[in-house]
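Asker: Sequence:
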Amino acid sequence: MTPEESQAIAFAGAVFVSNLDTLVFSCALFGIYMSAFTVSIRILLQREHHTLAHKALIGILLAGFVMTVLYNSQNIVVNLFLVKFGVVTSLPGGLIAQETVADSKCIVPTLLQEWSGNFIVLLADMAIAWRAWALWADNRLIKWPLLIMLLIDIAVNTASNLADTLAYFPLITQVANAVTLNWVGVVLNFGVNIAATLLIAYRAWKHHHSVHVILHKKQTQVGAILLLMVESGAILGVVQVCCIVINVLEIHAANPSPINTAKVFLGALYTYSAAINPVALVILVQTGNTYEDSFHLEDLPSLDINSAHMTSLGTQHPLGSHEVEGYF
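Under this note's numbering, the sequence shown has 3 at position 2, and the numbering climbs by one with no breaks.
There's no promise every hint is true.
[To be verified] Cut-off 30 Å, straight-line C-alpha distance, at most; resulting in silico cross-link-like pairs (DSS-like, lysine-lysine):
#1 K85 x K144
#2 K56 x K144
#3 K85 x K106
[Stated by the list, open to error] If you anchor each label on the Cβ, the simulated ranges turn out as follows:
#4 F266 x T39: 22 to 28 Å
#5 V25 x N140: 45 to 51 Å
#6 L270 x V109: 21 to 27 Å
#7 I236 x S91: 43 to 49 Å
#8 I44 x G192: 28 to 34 Å
#9 D22 x S91: 24 to 30 Å
No wet-lab data here; the hints were simulated from the structure. Just so it is clear, CB atoms sit at the ideal spot from N, CA and C, and this is done for glycine as well.
Build out the structure end to end from the sequences listed, making use of the hints.
Answerer: Take a look at the structure:
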C-alpha cells in the first residue's frame, strides 16, 4: 500500500466517523421532533371547533412534518451511499474512483436534504411572522414592513439554495457566492424572528402593564401565552446567532476544519429547532398546564389586546361571554 493510499484511507475513515456522529445527532433530534409532532397533532385533532386558522395551522404542521421526514431520510440516504459506493463497492481506479462515484450518487439526496431543510426554516419564519401579524392586525405600518422582511427572507434563502444547487453543476456559471448567501440568509431568518418576537414582547408588556394593578402581579393566561411566544422566539434566536457566527467564520476557514464540523452540527440543530418550534408551542399553549391562572377578560376594560388580537393567540381561555378560537 502506497503512502497516498494510506492517507486516502485515513481521510475517508475520519469523514465516515464525522458523518456518523452527525447522523446520530440528527436522528436523536428527529426522534424528539416526532414525539412533539405526534402530541401536537393529537391535541389539535381533539378540538371540537375547527376554524380556518386552526385548519391552516394543521396544514403548516403537516407541511413541516413532510419536510422534516424528507430532510432526515435524505441525510440517512447520503450516508448509506457514501459507505456503499465509497467503501463497499470496489472499482479499478481505487479509492479515488470510488469517492468520485459516491459523490455523484449523493448529489440528488443532498439537494433534497438542502431544499427540505430550507423549507423547514422558512415555515418556521412564516409561523413566527404570522403570530406577530395577527397581534398587530390593525396596524399597517407594522404589518407591511414585516411582510416585506419575510418576502426578502424567502427570496434570499431560495437564491442561496439555488446557488448551492448550481455548485454541483460546474458548467453553469454561478451568479453569486453560495457561502455569502448562506450566512446572509441566516441573518435574514434572524431578522424576521427578532422583529416578530420583539413585536410580540411589546404586546406582552402592554398586556402585563394593563392588568398589573388589578391582578396584583399574577400571571394571566393571555400573558402566559404571549410569554411562551417570546421565549420560543428567543431560544430560536440564540441558535440563529450561533449559526451566523459559524457561517461568517467558515468564509475564511480551511476545508476540512473544526469550523466545518461545527457548522454541520449547528446546521442540524438549527433545522430541527425550527421544526420543533411551532409544534412545541402548540403543546405548551394547548395543554395550559404550565400556568394556573385563568380569568374572564370582560371584567378588564383597560386590557389593550382586543378579541381580534387574542384570536391569534389561540388560547381556549374565555374572552367576554364566548370562548376564543385561535391559531394554536
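Asker: Please go over all the hints and tell whether each is borne out by the structure.
Answerer: A quick look at each hint next to the structure:
{"no.": "1", "hint": "K85 x K144", "verdict": "51 Å, violated"}
{"no.": "2", "hint": "K56 x K144", "verdict": "22 Å, holds"}
{"no.": "3", "hint": "K85 x K106", "verdict": "10 Å, holds"}
{"no.": "4", "hint": "F266 x T39: 22 to 28 Å", "verdict": "25 Å, holds"}
{"no.": "5", "hint": "V25 x N140: 45 to 51 Å", "verdict": "46 Å, holds"}
{"no.": "6", "hint": "L270 x V109: 21 to 27 Å", "verdict": "25 Å, holds"}
{"no.": "7", "hint": "I236 x S91: 43 to 49 Å", "verdict": "48 Å, holds"}
{"no.": "8", "hint": "I44 x G192: 28 to 34 Å", "verdict": "31 Å, holds"}
{"no.": "9", "hint": "D22 x S91: 24 to 30 Å", "verdict": "26 Å, holds"}
Checked against the numbered hints above, the structure violates only hint 1.
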